[in-house]
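Number of protein chains: 2
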Amino acid sequence: MTEQRRCVANSVQRRPKRAGVRNALTKLGRILPPTPLLDLDIDGRIIWCKAECLQPIGAFKIRGAWHRLTELDEGQRAAGVVAFSSGNHAQGVAWAARRLGIRAAIVMPSDAPQAKLEATRNLGAEIILYDRDKESREGIAAALAGERGATLVPSFADPWIIEGQGSAALELERQMRARTGAGPTQLVVPCGGGGLSAGCALALPGVPIIIVEPEGWDDMARSLSLGRIVPVRDDAPFTSCDALQTKLVSPLTFDVLLAARAKSVTVTEREVGAAMRLAFERLHVVVEPGGAVALAAVLAGKVDHQPGTAILLSGGNVDIDRFAAMVGNG
Amino acid sequence: MTEQRRCVANSVQRRPKRAGVRNALTKLGRILPPTPLLDLDIDGRIIWCKAECLQPIGAFKIRGAWHRLTELDEGQRAAGVVAFSSGNHAQGVAWAARRLGIRAAIVMPSDAPQAKLEATRNLGAEIILYDRDKESREGIAAALAGERGATLVPSFADPWIIEGQGSAALELERQMRARTGAGPTQLVVPCGGGGLSAGCALALPGVPIIIVEPEGWDDMARSLSLGRIVPVRDDAPFTSCDALQTKLVSPLTFDVLLAARAKSVTVTEREVGAAMRLAFERLHVVVEPGGAVALAAVLAGKVDHQPGTAILLSGGNVDIDRFAAMVGNG
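Protein chains in written order, with the numbering used here: chain F, 62 to 391; chain G, 62 to 391.
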């Protein structure tokens, strides 16, 4: 068995657990302050917004990356890590690797937002570009990891990554309880590969989870409905939610969300733009398209806005020109 | 002596004190979580950025308003409050008044940013518009307060307001100490009427304070240099920093900053735009022009970027069109 195959095999052996989420939050609490929980008053009702876009790398992905990389042994650290990502996971891995003195190589699509490419490079990672339409990022990353004996750090198909991302929900629940005496009555979460939403479901087992995908990119929703994993349709329309353009989810994330009976909705480009605009005007935070889908779903009435509703603003890495074009549609 | 004159006289009798800043922070801690202290890495050196733009009203002004209004007695609360403001103080007073069940009337310039006018109205305040070039907001507000027996809540010429604003620096110092073991070595603060900067000087007496004003609007700097208060020059150029367009500072704020030997610098429109852009791209927060001047001063090299430098991002209430135009200059 090659090194690369062994890494992948290790990753799928273990199932993510709630205890791992708690452990991740403890580890993160030593190096990062909690992101703020902002209260957005819409017609007298509060939406509790967890501003993960204010993480040092501008997204929740720092959580999973830190939880994963801190579990590597000395030999694994010396051999380095390889990841593939449209941007936020790339930055998370690069940030954690730099802080731990680990060499990181990141496979990124050549059409990734300039902000994400530059930020990842500035964190000291080696960038390998690929063509999203013609090449397989999984293949390139796995081959590279095999060559170097490096550890592959998947963006969602990994128990540590899922547990790490879930720490956002545990942190949210504690903050909300400290402010209001109660945790969320429902949690609305952006979903690409499902790492964040599965982690949240593990973190808060009693809380209904609603996943939100861009219109036409609802492969997790269709998979949950069918009871088996299906890919994004070939004719999926353009979406500005680059962070959520996952073509196939993982059994690890799928199984957790299926067991949690997660519900799902989709949002349009226009609804995403309106949510980005509202976050700008009322919360004064910058949210990228994929990071705004949960807020968009509540604002558009696709999720019932019941008291105690909490959402994740999962990332804020967006080029200003793209941002201006999106909010103009709002 | 009329009611209105008695109010003004009361305000100037008492000098703001450090104990008042501590008291303000205690009161605020009961109702609001601390705003985040974001670390911005510029070429390997950190600028510690206190994100007051993430306050519920999008600016630090909520601090002084809460400290002031909670000190009113029953009779004063029943008679209501009157304030004049280009926008952020208006929202601070309206927010505190609504929460305390006090009637608030706010005198605002007719050319105030739409975002600020709407937000103040949405907080339930009565808005009285005036023409910035032809009418005196002080006169209108004082007359209104006199008619109603209401308490005038000045935006900076008031000991409670100054103490309340200073709580931002005390909170910053505690957060920075918890993260790094030490407080700031210098604090760079936007300056309009000087309420925030004087409050910060009171809060952290051992820490050098550098005030930042828009180019041509450096009346506090000139006043400090001359040792007496002088107004903004008649030929002051256009500035997008609407929150800092104060034409004459107050003896209360001036005296504190003079005693603290505050230093001062000015920044250009272009430097402000560049700072707003960097805050968007790297910190993922929305900062209005007047709120970005301290960051602009450090980025432009007008303040020596020594280790332990902290700045205030004092507000984020800016219309999207104005924002887009400003960051395009960066």
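Worth double-checking, as some hints may not be accurate.
If chains are identical, the list can't say which one is meant, so a pair holds when it fits in one copy or spans any two.
Claimed, not checked - Straight-line alpha carbon distances no greater than 20 Å define the calculated SDA-like cross-link-like pairs of lysine to any residue that follow:
1) K88 / R240
2) K88 / G288
3) K88 / T241
4) K88 / E135
5) K324 / M237
It is worth saying that the hints were derived from the structure and are not from the lab. The structure displayed is predicted, hence computed values, not measured ones.
Taking the hints in turn, this is what the structure says about them:
no., hint, verdict
1, K88 / R240, "between (23 Å within a copy, 15 Å between copies)"
2, K88 / G288, "neither (34 Å within a copy, 53 Å between copies)"
3, K88 / T241, "between (26 Å within a copy, 18 Å between copies)"
4, K88 / E135, "within (18 Å within a copy, 49 Å between copies)"
5, K324 / M237, "neither (22 Å within a copy, 41 Å between copies)"
The structure fails hints 2, 5 (numbered hints given earlier, in ascending order).
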